[in-house]
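Colleague: Spelled out, the chains give:
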Amino acid sequence: MHKRLVNHCTIALKLIPDGPILIKSGREGADPTKPQMEFVETYHHGKRSIYLPGSSLKGAIRAHAERIVRTVGRDKRPTNPKLLWANDPLTDDYKYLENKSPSEIYQLSSFTDRIFGNTSIASRLRIEDAYPSSDRPLKLEERNGVAIDRVFGSVAVGPFDYQVCTEGEFITKIHLKNFTLSQLGLIGLVLRDLDDGWFGIGFAKSRGLGTVNVQLESGVVQYPGCILNDGQIQALGSEKTWDITTLLGAGAFLSEDECRKYDFIIDDKEDTPVAAQNMDLGLGVYLLWQGEKQVKDLFTRGVKAWKRHYFEGVAA
Amino acid sequence: MTNNRPIPPRKPTPPQPINEPVTQNSFKPYKLIPLSNKTPQRKHPVGQDRYKSQLLSGKLCLKLTVKTSTFVASGVVVMGSDLSSRTKNIPLVKVAVGKDEKLIIPGSSLKGVIRSTYEAITLSCLCKTKANREAIPNGYKECNDKQKLCPACQVFGAMGWQGLISFNDAIADEIKPSIGFMPSLHNPRPKRDGYYLNGKVAGRKFYYHAIKPVDKGQQQGIPVQQAGNELTFSTQLQFMNLTKAELGTLLIVLGQDKNNNFALKVGGGKPIGMGTMIVELTKIERCNDLKNRYLDYCYSENDFLAGDKLKQYIQELIQASHNEKLVQIDALKELKEIWKYPTTREAPQDMY
Chain A
1 MHKRLVNHCT IALKLIPDGP ILIKSGREGA DPTKPQMEFV ETYHHGKRSI
51 YLPGSSLKGA IRAHAERIVR TVGRDKRPTN PKLLWANDPL TDDYKYLENK
101 SPSEIYQLSS FTDRIFGNTS IASRLRIEDA YPSSDRPLKL EERNGVAIDR
151 VFGSVAVGPF DYQVCTEGEF ITKIHLKNFT LSQLGLIGLV LRDLDDGWFG
201 IGFAKSRGLG TVNVQLESGV VQYPGCILND GQIQALGSEK TWDITTLLGA
251 GAFLSEDECR KYDFIIDDKE DTPVAAQNMD LGLGVYLLWQ GEKQVKDLFT
301 RGVKAWKRHY FEGVAA
Chain B
1 MTNNRPIPPR KPTPPQPINE PVTQNSFKPY KLIPLSNKTP QRKHPVGQDR
51 YKSQLLSGKL CLKLTVKTST FVASGVVVMG SDLSSRTKNI PLVKVAVGKD
101 EKLIIPGSSL KGVIRSTYEA ITLSCLCKTK ANREAIPNGY KECNDKQKLC
151 PACQVFGAMG WQGLISFNDA IADEIKPSIG FMPSLHNPRP KRDGYYLNGK
201 VAGRKFYYHA IKPVDKGQQQ GIPVQQAGNE LTFSTQLQFM NLTKAELGTL
251 LIVLGQDKNN NFALKVGGGK PIGMGTMIVE LTKIERCNDL KNRYLDYCYS
301 ENDFLAGDKL KQYIQELIQA SHNEKLVQID ALKELKEIWK YPTTREAPQD
351 MY
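Quick mapping for you: the protein sequence lines, in order, are chains A and B.
Going by my numbering, the first residue of the first sequence is number 1, and it counts up by one from there.
Going by my numbering, the first residue of the second sequence is number 1, and it counts up by one from there.
Hints listed in this document are in silico derivations from the structure and should not be mistaken for laboratory results.
Because the structure is a prediction, the values reported are computed rather than measured.
It is possible that part of the hints are untrue.
[Said to hold, decoys possible] Subject to a maximum C-alpha distance of 20 angstroms in a straight line, what follows is the list of computed SDA-like cross-link-like pairs (lysine to any residue):
no.	chain 1	residue 1	chain 2	residue 2
1	B	K291	B	Q54
2	B	K128	A	V157
3	B	K99	A	D18
4	A	K269	A	L281
5	B	K128	A	G153
6	A	K293	B	Y297
7	A	K139	B	V95
8	A	K307	B	S53
9	B	K130	A	P159
10	A	K14	A	D129
11	A	K269	A	Q294
12	A	K296	B	S300
13	A	K307	B	G160
14	B	K200	A	K34
15	B	K291	A	T300
16	B	K130	A	G145
17	B	K200	B	R189
18	B	K94	A	F160
19	B	K291	A	T71
20	A	K34	B	V78
21	B	K128	B	N144
22	A	K304	B	C298
23	A	K76	B	V46
24	B	K128	A	A147
25	B	K128	A	G145
26	A	K139	B	I171
27	A	K293	B	V78
28	B	K94	A	T300
29	A	K139	B	G98
[Unchecked claim] Distance ranges between label pairs, derived from CB positions:
no.	chain 1	residue 1	chain 2	residue 2	range
30	B	K99	A	K82	40 to 50 angstroms
31	B	K148	A	Y96	40 to 50 angstroms
32	A	E41	B	H186	55 to 65 angstroms
Every residue gets a Cβ at the ideal spot worked out from N, C-alpha and C, and that includes glycine.
Required output: the full structure, derived from the provided sequences and hints.
Modeller: Below is the structure:
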């Protein structure tokens with residue numbers, strides 16, 4: 001299903017430290033004035049700057065997405081592929097994907113592997129490195145830690161010092177391609193929980209670090225193979241048309257046979273309050289959700305589809 | 001310019017065995033909570049792979065009130081004139097952790113206090129100590145097998161295993177500058193007989209509370225930026241997949257058991273009576289219906305327990321902790337004896 005691109009969603013967001021955060025660089029620099037544990041750094045806009053690597057963010061998002069799927073669904077592969085399940089990608093041997101056709105591989109993969117990828121299918125979710133914005137200056141501080149000896153009350157381990165970021169904002173984008181609406185819904189739930197402090201990012205999450213606020217900036221959903229025709233969205237090379245205010249998941253673009261093969265939801269769609277517009281160059285249409293309230297509305301529609309997906313699996 | 005140089009510590013007056021019954025004039029400002037004859041029971045931790053519906057997940061909202069001045073060092077020393085106009089006459093001040101002029105108790109400090117107390121009243125491993133390996137009683141070695149963890153490591157985490165609760169920094173509710181003078185303190189002497197019983201470690205060290213901290217004043221103390229009396233801090237504590245007994249034990253540690261209430265001891269200067277803090281649990285946010293939480297974007301059915309309902313629930317949890325024998329009655333009694341508050345004890349004037 002990566003052979004063609006049917007839809008694409010980009011969520012732009014800001015991550016704002018709510019307390020200290022630290023993504024460790026993993027190595028100790030030679031600069032003696034710097035703490036033992038440093039923030040990851042890279043070149044951004046021509047100078048050294050700390051950032052949140054996409055890989056760290058994706059790891060945290062994936063882990064929580066799996067946690068959510070296991071909470072409502074299961075952690076083992078069910079016989080009914082419509083049931084929601086998440087595997088453990090670290091221990092799964094993926095034997096059940098050996099010598100299978102691409103459509104079977106997708107169908108047999110867990111709900112989270114279908115989004116984040118496994119050894120046989122690529123990820124549909126991409127998250128950019130989050131760089132600090134110039135609107136809110138960064139504040140870097142040093143914190144110290146010691147482990148207190150339980151018997152003597154003195155220092156048992158340490159003191160060790162680490163660098164934390166306590167203020168600023170990091171800008172990033174999450175991209176989802178060929179997404180189903182329930183996948184979009186799950187990402188919405190993960191970001192909601194991140195904002196709510198149910199999980200954190202980076203080092204020392206259990207002792208005061210890692211919580212961030214998520215500020216949703218915009219959501220763009222594109223259908224590159226569609227045009228606007230007579231107030232309708234029309235898929236090129238097919239008879240399919242939809243109302244101009246329709247949010248379409250990957251399943252909506254496929255034939256029923258193809259949907260069954262991959263186990264996509266047939267007619268995966270939701271009404272929206274925003275209307276499609278033409279993309280540049282006259283091909284493709286897009287829908288735009290702007291600001292926190294609207295992006296939440298986009299996620300609400302995704303979660304509706306996610307809920308339907310859940311009950312369809314349960315009922316089947 | 002040298003008036004705040006620390007005076008060298010004096011030798012303390014003759015040592016006494018520390019496990020003697022403590023009297024009002026007792027010499028040491030601390031006592032060891034003995035390790036149980038029973039050994040820690042280790043088992044497979046519940047894990048974080050999902051929110052389990054039969055277990056408890058949610059948040060605790062806490063308010064901490066300083067009863068004797070508390071100092072959590074940031075490790076930074078600044079010139080008094082850089083700190084505020086009130087301190088411009090003090091050459092150097094050890095500053096506490098803070099944010100935007102408000103003092104902070106870092107999540108790591110809070111976690112350390114709460115974890116070590118949880119360890120002491122449950123049958124848990126002696127997880128951080130420099131005591132000789134041979135001196136650690138059988139079965140009390142630090143947990144090193146992720147599949148088999150002691151009660152405290154299951155809840156608070158172990159090497160390579162993330163725990164089930166996460167702390168946040170506690171932030172002062174107001175800007176209230178306060179400077180105190182802290183004498184320099186002795187290192188503990190791990191060779192002292194009092195720490196051992198039959199060649200094995202005798203217990204875990206806990207310091208008594210005192211009516212007020214020793215204030216040696218400018219001449220004999222080092223100026224520190226401290227959280228003064230009655231300053232309050234607010235924080236939240238996130239928990240997931242705890243049993244009722246585990247959450248109950250955590251609440252006992254936070255001093256919420258009305259039959260065993262006590263104050264915590266946080267930060268530096270414990271032997272001279274600093275760091276007494278009482279905890280108030282203002283609210284529990286419980287997620288009762290995990291399935292609905294994850295099937296609805298605008299989920300708002302979390303239970304907020306406060307007031308009488310909260311009190312009732314606290315008792316229910318603490319009862320569960322007793323029923324399941326997670327909390328060790330003997331150790332809890334010892335702890336209550338050491339940490340009871342208010343107290344009539346005076347902090348010792350000698351150096352510790």
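Colleague: Each hint needs a verdict: does it hold in this structure or not?
Modeller: Taking the hints in turn, this is what the structure says about them:
no., hint, verdict
1, B:K291 - B:Q54, "12 angstroms, holds"
2, B:K128 - A:V157, "8 angstroms, holds"
3, B:K99 - A:D18, "12 angstroms, holds"
4, A:K269 - A:L281, "26 angstroms, violated"
5, B:K128 - A:G153, "10 angstroms, holds"
6, A:K293 - B:Y297, "13 angstroms, holds"
7, A:K139 - B:V95, "18 angstroms, holds"
8, A:K307 - B:S53, "18 angstroms, holds"
9, B:K130 - A:P159, "14 angstroms, holds"
10, A:K14 - A:D129, "11 angstroms, holds"
11, A:K269 - A:Q294, "18 angstroms, holds"
12, A:K296 - B:S300, "15 angstroms, holds"
13, A:K307 - B:G160, "35 angstroms, violated"
14, B:K200 - A:K34, "41 angstroms, violated"
15, B:K291 - A:T300, "16 angstroms, holds"
16, B:K130 - A:G145, "17 angstroms, holds"
17, B:K200 - B:R189, "16 angstroms, holds"
18, B:K94 - A:F160, "18 angstroms, holds"
19, B:K291 - A:T71, "7 angstroms, holds"
20, A:K34 - B:V78, "18 angstroms, holds"
21, B:K128 - B:N144, "12 angstroms, holds"
22, A:K304 - B:C298, "11 angstroms, holds"
23, A:K76 - B:V46, "17 angstroms, holds"
24, B:K128 - A:A147, "7 angstroms, holds"
25, B:K128 - A:G145, "14 angstroms, holds"
26, A:K139 - B:I171, "17 angstroms, holds"
27, A:K293 - B:V78, "45 angstroms, violated"
28, B:K94 - A:T300, "50 angstroms, violated"
29, A:K139 - B:G98, "13 angstroms, holds"
30, B:K99 - A:K82: 40 to 50 angstroms, "49 angstroms, holds"
31, B:K148 - A:Y96: 40 to 50 angstroms, "31 angstroms, violated"
32, A:E41 - B:H186: 55 to 65 angstroms, "41 angstroms, violated"
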